[in-house]
Amino acid sequence: MDVLAELTGSIGSVGYGLAAIGPGIGVGIVWAAYIQATARQPESAGLTRTYAFLGFALSEALALIGFVVPFVFGT
Amino acid sequence: MDVLAELTGSIGSVGYGLAAIGPGIGVGIVWAAYIQATARQPESAGLTRTYAFLGFALSEALALIGFVVPFVFGT
Amino acid sequence: MDVLAELTGSIGSVGYGLAAIGPGIGVGIVWAAYIQATARQPESAGLTRTYAFLGFALSEALALIGFVVPFVFGT
Amino acid sequence: MDVLAELTGSIGSVGYGLAAIGPGIGVGIVWAAYIQATARQPESAGLTRTYAFLGFALSEALALIGFVVPFVFGT
Amino acid sequence: MDVLAELTGSIGSVGYGLAAIGPGIGVGIVWAAYIQATARQPESAGLTRTYAFLGFALSEALALIGFVVPFVFGT
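Protein chains in written order, with the UniProt record's numbering: chain A, 1 to 75; chain B, 1 to 75; chain C, 1 to 75; chain D, 1 to 75; chain E, 1 to 75.
The set of hints was computed from the structure by calculation and includes no laboratory data.
Since we're looking at a predicted model, the values are computed, not measured.
Incorrect hints may have been included.
[Stated by the list, open to error] To give an idea of the chain A side of the interface with chain C (calculated C-beta under 7 Å), a few residues:
#1 10
#2 12
#3 13
#4 18
#5 21
#6 25
#7 46
#8 61
#9 75
We put the beta carbon where it would ideally sit given N, CA and C, even for glycine.
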């Protein structure tokens, strides 16, 4: 058997890793904004909570799609 | 059997992963700005909501296009 | 055996490395926001602590998923 | 022996390198926030010190996991 | 001997290069925060100096580990 490179594994894990960079930062930014806004105006906590969870979910979804993508394109 | 590299998978998942970095951060920035603006000026929540969803959708679209692109160029 | 490149190892470690970039920054942003918010409004520490741990856990989870992913796609 | 590329080494060091990007920035953000918060409200130094060390440790851990990962997936 | 690619060297230097990105930014953030905090509250310089050096050292260490890692995994 000729082995031209001893690297092993699926490129799909690189795909997920790349897809997790943005959401990892984005989720942090959303919660940081919610923490600072709640600390300054505690009475706004209920008003902005919906958008904190919305922003978090929409950003996190991009990483979870990155987990599914390799199954679509072939692992 | 000649194995030129034991790496498997489609480079399309790497393409999606790269395309998801920007939107992951961008979506977080948009919602962070909306949370902080709403906490400070609660009366502006209705006025800026349209643009929060617009900004989110336009940024997220770039990642979703990255999901479709490999089908166009070949997986 | 012909070895055409002397690179060794599994691409899975590259996948984890990429997946750790975003959470590494995101976790820092969350705690930085909690530190600054607590220093300015010490009375808000209890109110925002839940969200600091929530934001940290949701961001960190993306890196831990990156640790598991290579087992799913093949190391 | 046919050597088609003279690159040597383990891809594991690339994995660690990538895993160190995020924590390198995240640790800096955490301590920067603690320095600025302490300078402005010196009386809060004791209150936020716990969270500065917590945030630092949780972010740094991601890089140290990146050091161990190649042993799991194969160097 | 057939050499099909004229790239030479060890991938370990790429690993160090990547590991230096994050600390390079993080160390800058720490000292920038110390400079701005000291300029605004000169009386806090002694109080925060410990944490400036602590934050710098903990971030810098990640890059120095990146220098040692290739010896562990094989250059």
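Okay, the hints, checked on the actual structure:
1. Checking residue 10 of chain A against chain C by beta carbon gives a least distance of about 4 Å; that is within 7 Å, so the hint holds.
2. For the restraint placing residue 12 of chain A at the interface with chain C, the shortest Cβ-Cβ distance is roughly 4 Å, inside the 7 Å limit, so the hint holds.
3. With a cut of 7 Å, the hint placing residue 13 of chain A at the interface with chain C holds, because the nearest CB-to-CB distance is about 3 Å.
4. Hint status for residue 18 of chain A: holds, given a least beta-carbon distance of 5 Å to chain C, under 7 Å.
5. Evaluation of the residue 21 of chain A hint against chain C yields a held restraint, the C-beta minimum of about 4 Å falling below 7 Å.
6. With its C-beta approaching chain C no nearer than about 5 Å, residue 25 of chain A sits inside the 7 Å limit, and its interface hint holds.
7. Interface hint at residue 46 of chain A: violated, since its Cβ lies 12 Å from the closest Cβ of chain C, which is beyond the 7 Å cut-off.
8. The restraint placing residue 61 of chain A at the interface with chain C is violated, with a minimum CB-CB distance near 12 Å, outside the 7 Å limit.
9. For residue 75 of chain A, the interface hint holds, the least distance from its beta-carbon to any beta-carbon of chain C being 5 Å, beneath 7 Å.
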